[in-house]
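Novice: Here the structure of chain A is known, so what remains is to put chain B in place on it, guided by the hints.
This is what each chain is made of:
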Amino acid sequence: MAKPKIATASLAGCFGCHMSLLDIDDRILTLVDLVDFDKSPVDDIKKFTGRCAVGLIEGGCCNEENVHNLQYFRENCDILISVGECAIMGGIPAMRNTIPLKECLDEAYLNGPTVYNPSGNIPGDKELPLILDKVYPCHEVVKMDYHLPGCPPSADLLWEALVALLENKPMDLPYEVIKYD
Amino acid sequence: MAENLEKAIREICELNGNDHTRMMDIVREVQQRFGRVSSEAMDFIADAVNSHRVEVESVVSFYSFLSEKQKGKFVIRLCNDVIDKMHGVDNVAQAFREELGIDFGESTPDGKFTLEWTACIGMCDQAPAALVNDKMITRLSTDSAREIIKSLKANGDENRLTHLLGDGNNANLLVNSMVNNNIREEGPVIFAKLDAGKALHKALAMSAVEVIKDVKTARLRGRGGAGFPTGMKWEFTRAAEGDEKVVICNADEGEPGTFKDRVVLTERPDLMFEGMTIAGYAIGAQTGVVYLRAEYAYLRAFLESVLADRRNNNLLGNNILGKEGFNFDIRIQMGAGAYICGEETALISSCEGLRGDPKNRPPFPAQKGYLANPTSVNNVETFCCVAQILDKGAGWFAEMGSTGSTGTKLLSISGDCTRPGVYELPFGILVGDMLEKAGAENPYAVQVGGPSGQLIGKADFQRTICYDDVATGGSVMIFNEDRNPLEIAHEFMEFFCEESCGYCTPCRAGNELIKERLEVIMKGEGTPEDLDYLEQLGKTVAVSSRCGLGQTSPNPVLSSLKNFRGEYEKLVKENKDGMQRTFDIHKALATGEELQGRKSVIYAD
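So the sequence lines, in the order shown, correspond to chains A and B. Sequence positions in the first sequence follow the working numbering and run 1 to 181. Sequence positions in the second sequence follow the working numbering and run 1 to 605.
In isolation and in its complexed conformation, chain B is listed as follows:
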């Protein structure tokens, strides 16, 4: 066995050029083939790529799709985000437990099945959803959960689980998925038709500087959520020292409640690749990387085929469209299950074959990014906008939306509404109008921008969706009057505690403290001072954390405290005698009484 393992690993490493910066591909392949990356395997890998064992182990232990422990032949990852919970994932989970006789985090003794929880897998519009290996299963019920297990036991093949395929390219043989697009409103940018190569052709007729100028004139801002001006980012990257520049597309759509990139990747990959190629031309890059989240592995073969077509049509490769000296190609880098890798510097770490740790800034990626090369990281949707801007003109784009936020925005809407799905809407639309389009039922609270965004209430429904008012990277979750804002905030805090990379203390410890105190309040043991404590601690975590995760993780608590303060105040009571209600002397004494063999006299009941 050991010899086979060593031989297989040498082969895998060889295929990846024995290059330690391709560690992600190597360990993913080992995991897939052997169901684990064993201690032995790590030694072999370190040896083959001339790295240290600890480097390999740090990667394997970091990502949730990699493990040292043996996983079953079928790994079932059930999504436990707040929307899935609203759609009854707990019942589905119970069905899985009963059918397999194991709990989550366990494997069956025969080594066939592993049950795991996972954070949002980008299917909130068709929740509850799960991944069976790479296969996406949506709209689960207790019945379908039982059928899945029966089918896997009988057929031993996850590809035979899906009978009905989804719409559009989901039915493409290379995707072969039951996922539905749920495109509810098509707008003029992302969903408008554009023949492959048309925008690129126009871009190549201009100088690189003119292309950047066009993007700046269109006032395009990053669609991932932060809203940094795209043209400026490109200009910095272009101006930075270094011969080898890099364009990275952030397709690590991990913000819970976001699934718009899933639809773009399924239906508009050509538009995205076109935008990337234009970016490559504009900043003078030869290398493009799409960082695709592990959960979307089912789209990989399809995306590779689109890339192959583009290469055949001279839209990628050398001297693209006859432009002498313009060489650019794109590879797909798979992630391995880590929310933090959506943060651009963590994403770059991951592309380099490291743990998804954020990097210190400065230097910014535009100066020193992927393998120390100047790098521009942009969102999937941003690249699509670029292609349309180059085709239809900066003026056309800038006329749409609001002054500070031009163009349209893809929104992924889910939760308590009759029409969950993807909407392409102009920036500046009222929150209330958006809710009406989605068929929101008695909306009470809306989480805009995912857990790292804001929980807003009715008073804010007259505000507008744009970078300068209610900002969002695309996630909109609707909650009706039966939902409790504190529970929603708590769900998100659990998510952040799980996903914090652990590097800096404010985020690693601070989020745990926020969650703990929130739990005290939810149990009815809190005091009014606890609300001040949460506000202070939240601000401290936001100010002192190292990257965007910790800088935004207190938002669910801070915004719900601001917008739903009444819900908190209902639960807290003044502590008149100064005794902490969270301290239970009888509980604290129980073990001592047992071990010391007597009952307390001071605290007799």
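Looking at chain A on its own, in the form it has when it is part of the complex:
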């Protein structure tokens, strides 16, 4: 039987959750025995090569590309997991949600004390994804099946969750793994 496939993405996040995934250390060798990686920054595969069992999403949606990518994942993954604070609640990027978008962009590109912008334009090049009115957590855009909290979720939590999912067993969640202070 072919190994199940896993895909990962970092949307409006800091890649910290991906770093945490790499923190599983030598267990990564076991992981490679258990699964194949499909679309992911880990292997730089850009397009899905086939249907995936699990999609791990880091970060929320701050622009149209995030939304598009997330919807692409939803279409191609059986189970989609919000990994970390930003995917689950928007996280640090969502701090802008309390400020109108125009004020944010004006401060960043026009009025900030260190800004040099003689054109007086807010960047609108078509290579740049358009920004959304606010940062959305993933589950407000597509249906998410599970949420793994943390900033980042610890390597142990990610490992336990993946193994439990792949082996179809209940997850072992000792207190230390979901304690955040």
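Simulated from the structure, these hints should not be mistaken for lab results. Everything numeric in this text was worked out from a predicted model, so none of it was measured. Keep in mind that the hints are not guaranteed to be accurate.
Mimicking DSS-like on lysine-lysine, the simulated pairs with C-alpha atoms at most 27 Å apart in a straight line are [to be verified]:
#: 1; chain 1: B; residue 1: Lys599; chain 2: A; residue 2: Lys47
#: 2; chain 1: A; residue 1: Lys126; chain 2: B; residue 2: Lys587
#: 3; chain 1: A; residue 1: Lys102; chain 2: B; residue 2: Lys587
#: 4; chain 1: B; residue 1: Lys523; chain 2: A; residue 2: Lys143
#: 5; chain 1: A; residue 1: Lys143; chain 2: B; residue 2: Lys562
#: 6; chain 1: B; residue 1: Lys587; chain 2: A; residue 2: Lys143
#: 7; chain 1: A; residue 1: Lys143; chain 2: B; residue 2: Lys570
#: 8; chain 1: B; residue 1: Lys515; chain 2: B; residue 2: Lys599
#: 9; chain 1: B; residue 1: Lys85; chain 2: B; residue 2: Lys7
#: 10; chain 1: B; residue 1: Lys573; chain 2: A; residue 2: Lys143
#: 11; chain 1: A; residue 1: Lys47; chain 2: B; residue 2: Lys576
#: 12; chain 1: A; residue 1: Lys169; chain 2: B; residue 2: Lys576
#: 13; chain 1: B; residue 1: Lys213; chain 2: B; residue 2: Lys193
#: 14; chain 1: B; residue 1: Lys150; chain 2: A; residue 2: Lys102
#: 15; chain 1: B; residue 1: Lys599; chain 2: A; residue 2: Lys126
#: 16; chain 1: B; residue 1: Lys85; chain 2: A; residue 2: Lys143
Cβ-Cβ distance ranges computed for the label pairs, FRET-style [what the hints assert, rightly or not]:
#: 17; chain 1: A; residue 1: Glu103; chain 2: B; residue 2: Gly242; range: 35 to 45 Å
#: 18; chain 1: B; residue 1: Arg53; chain 2: A; residue 2: Asp78; range: 57 to 67 Å
#: 19; chain 1: A; residue 1: Asn117; chain 2: B; residue 2: Ala604; range: 24 to 34 Å
#: 20; chain 1: B; residue 1: Ser305; chain 2: A; residue 2: Met89; range: 54 to 64 Å
#: 21; chain 1: A; residue 1: Glu103; chain 2: B; residue 2: Leu165; range: 55 to 65 Å
Virtual Cβ for every residue (Gly too), placed ideally from N, Cα, C.
Specialist: Relative to the frame of chain A, chain B by itself:
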């Protein structure tokens, strides 16, 4: 001006003994005299009563009848509960808007009028209703709304608004109100005649312990809704350590759809005060407090006169009815517009001159209540029952009603029925029989016990009204087949979101989340999973909230989900592709497209 303000405030504080626990009376008086409690005024008050400014501000910002912002000379508070909406309050509101040229929450530029929405003011049997300052105006129409404004502009006096007075004591000069009692069925307990002092006389011939024993034998349970055995509460309070014990009467009838206490306060105040005095004797208290909701301020002068009469007849005061050493008196504490103050520990906070925050339990009020004294808080109706029990006997009372719920219950019935009003019915009556008495028209759903109670359907009309089956503090709202259970539940959720004191997260945030998800379902964007989500979240809010408000606020959604699940299921659709229908990419992108000066390529139409 500042000097006048300071002088006036010093006077007001002086009148209240410069006592910070009388903060409610102080700020109410300032509000009434100046139309606001300004920032300056708060400083003066804090100084005069030797408190902190933040203490004053926390009170002013908490209650809806108090404000830092200037209010008009006439504050019109229009009731927007579900029953008033069914009776066309929206049209009345539009008439007010047009006549005054302002929206709700605004004041006219000349400072004469302020328009506000308010939660249930206890007039569901004569809706739509509004308060003009303290004056109650009932059965409003668009015409009468326009006339009210014209009259206020011409006469400048809200007392000249009412021409026809209501029945019974509503026509008493001290009440002078157009409110009608709408007593539809008189029973043997609340509405039976009892001469003032008769029951008290009998009680004083017994020992305090025997009085409590009588109340226990009658198996009297609290009429406010929770149904705690009254005798037990008194026993705890009596046994608690502390020399100064307190009896509080909860007349903060704020549960939407309840108006029975209004009628008791109007027609049977002597019975209530008698019950309170008996309670004072039973638990060994000297102090009685009636916490009267701000909306019923129009009854205050009348109630004070009844108290004065009782003092003159030695039914209050020192050595009552010649009983050496039994001293007891009652004062009226006015509220200032907060539903949460109907919760007993919040009510005690309010009596102490604080925000209406519920307190942690334990200690229970019976151990440490008002100003840390052992306190028994009972409902208006409960005290009336006590007086009758002491007069006519515990056995007489226990024979009425059902085994677990003895006696009769006052019900305030409103909504889609031909005979809205107050009914005194024996416990154990079938819901269906009650509906028939009220002349319900095609009843489809009945909200029993107010928003914090249950929304029941036809399948439950064979059940009985009592503590162990369909429990109610008195509110019964009838809805016919044209009404939508989801909209009813939504109305109530809006009410709870507004009235949550904000102290604990499950209630403050949880109720908002329930309301939001309910709105998603009502818009037709929900999925079957949303129903599970509502059930789970509702249970979480109920289990983890700090006081009765949050513990019951999910009830409208939970009970309508249980009893009207079909109505919900009609609206939800499976989400096959996993894309959330509530997310609108074009809406999310609109601002960005404008600011960044181009249209989306990925999401071109």
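Novice: Tell me, which hint numbers fail for this structure?
Specialist: Per hint list: 8, 9, 14, 16, 17 violated.
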